[in-house]
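Enquirer: The listed protein sequences derive, respectively, from chains W and X. The numbering used here applies: residue 1 is where the first sequence begins, and numbers increase by one. The numbering used here applies: residue 1 is where the second sequence begins, and numbers increase by one.
Take these hints with a grain of salt, some might be off.
[To be verified] Covered stretches of chain X, going by a simulated chain W footprint (3 or more residues, C-beta under 8 Å):
id : segment
1  : 129-143
2  : 151-162
3  : 170-178
[To be verified] Partial list, derived from the structure: chain W residues whose beta carbon lies under 7 Å from chain X:
id : residue
4  : S170
5  : G178
6  : P221
7  : G267
8  : D270
Honestly, the hints are just simulated from the structure, not real lab data. Since the model is a prediction, treat every value here as computed from it, not as a measurement. Even for Gly, the Cβ is constructed at its ideal location relative to N, Cα and C.
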Amino acid sequence: MNKRINRSRILAVLLAGAALFPPLSVHAGSCCGGAGGTGLVLPKFYSAMVDVSSDIEIYNGYWDQRGIHRADPPGSDLQQYRLNLGYGQRFSPRWQASIVVPYVWNDNAYNNFSSRTDGLGDITMNLWYEPFDDESAWKVRNLKDMTPSVLIGPSLLVPTGISPYDEVTSSFDVTGRGFYRVDGNVMIAKTIHPWTASLSLSYGAYVERSVNREYGNYVEPYRRKLGDRSSAVLSIGYIYYLGTGGDALTGTASLSQISEAEGTIEGVSDPSSGFKKTSAGGSLAYSSTDHDWSVRVSMSHAILLDGWGSNFPTTDIYTLGVSYGFR
Amino acid sequence: MASVKTRPLWVLLFLMAGCGGMMDDIAPSGADKRPAVTCGITGPDVCQIATDFTLTDTLGNIVTLSSVISSPGVRGTVIYFTMWCPVCDMHMSNMRSTVLPNYPDVRFFLVDYVSGSVVNARNAELSNGYAGSGFTVLADTTLAVLDLFHGTMGTTVVIDRAGIVRLNEDYKDGARLRASLSALP
């Protein structure tokens, strides 16, 4: 009986795994390069998973090149909404893959005009390998019990969104970056009930491309590449079990930083590119193995202080997500 | 034959392939597709004659393009369209440090097309740290000048003293702007 309860509890925590791995990507809105998909991790013991989430990203100024926080123009109201459809498939006990497809709505209002546009965002595809499992989540008896679960793997950002290099009329139409990016990702998580912690690291390089059009106008062709991107997310969570079944509530707090180095134009470094953003986040996930559902709400808050970012919008992102796992 | 598990993926890819403009990024082209431009007529493109316009700057002065470029000692003007965003700030900072000081005989204008009034444009200029920067901020409250040059965020226009458009494109690293300004007659 106890074994069955324990197994249900483990499954519940694993099902809430999405909440423990905050999104690695960053969103940059219509002015600055559009949305990117988020990673999807399939819990152990599940063969597939469908994940649907919606984001609301609210703009509140930006950090300038020197890291000083600046206000948006007076009277402006800038928001982006996203609907993310994710699907994960396990191919073997240690291999899984996932895809996240975002659809983006830009809603920008200024004193003298407003703009509402929408379109597909950039799609993210992930491949994960799980070399280690977190097998002892209940009691630490020896050093082996401290082994965390580890996932490593590449991801590919596919420029399916509307970029400045497509047939667009203004920057408000943009929903994607316009570049392929290949990332190497590592996720490490350890649970010692009722606490859990995770660290996600990612490093990615964009693929250089030709550009012959900017905001709808054909230009003299040139080669462009965005700068390498690195990100880190550290999170700690607390698991609260509801009753003796498989229901659990997991609260998570996280700190994340993402940065992009200077890009290049015709192979020469572009000093008017690159950014950095630091944000704090929190999430609450309810998971039930009785029905294989998980629901989460999360918030990512940009710290509106000088030095917590540079050349990037300060935005708060609110997310509501639902996952269903297939055993 | 696609398995049942992979069929949704193929359907998705098929639907995506139908989305307009996506292939421009999926398989970018390096072909020069610039349309032929008739030089010497009024228009926003390079080698055309810029339409004259008048805007109010953030200090309340009336600024007319033809008056600016015909001022003694002025070789031309730079017009940059800003919406006070981080990308705009990067461009403007770069221009401020690497371009503006080297061309004292060129007038640099930031055209604010989002604030909607001279007062709001002035507030945006102050809060973004561009007061006394060497740029003159113009309030394009009706978007007339933005439309005139087919501009958007980051569009940079160079006009010589004869009123000829020498550059009209998205700001990059400043190199093309410097080259254009150095070539002004």
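Enquirer: Closer than 8 Å Cβ to Cβ for three or more residues is the test here. Does the segment 129-143 of chain X pass it with chain W?
Expert: holds (count 4)
Enquirer: Have a go at the S170(W) hint: is there a Cβ in chain X nearer than 7 Å to its own Cβ?
Expert: For S170(W), the interface hint holds, since the closest Cβ of chain X sits about 4 Å away, which is under 7 Å.
Enquirer: How about the segment 170-178 of chain X: do at least three of its residues have a C-beta closer than 8 Å to a C-beta of chain W?
Expert: holds (count 6)
Enquirer: Three residues minimum, CB to CB under 8 Å: does the segment 151-162 of chain X make the cut for coverage by chain W? Let me know.
Expert: holds (count 4)
Enquirer: Restraint: P221(W) near chain X, CB-CB cut 7 Å. Satisfied or not?
Expert: holds, 5 Å
Enquirer: Mind checking the CB of G178(W) against every CB in chain X and telling me if the closest is under 7 Å?
Expert: At about 5 Å, which falls below the 7 Å cut-off, the nearest Cβ of chain X leaves the hint on G178(W) intact, so it holds.
Enquirer: Do the numbers back the hint for D270(W), that is, is its least Cβ distance to chain X under 7 Å?
Expert: holds, 4 Å
Enquirer: Is the interface hint satisfied for G267(W)? The criterion is a beta-carbon contact with chain X at less than 7 Å.
Expert: Check failed: Cβ of G267(W) comes no nearer than 11 Å to chain X, outside 7 Å.
This entry does not satisfy hint 7, going by the numbered hints stated previously; all others are met.
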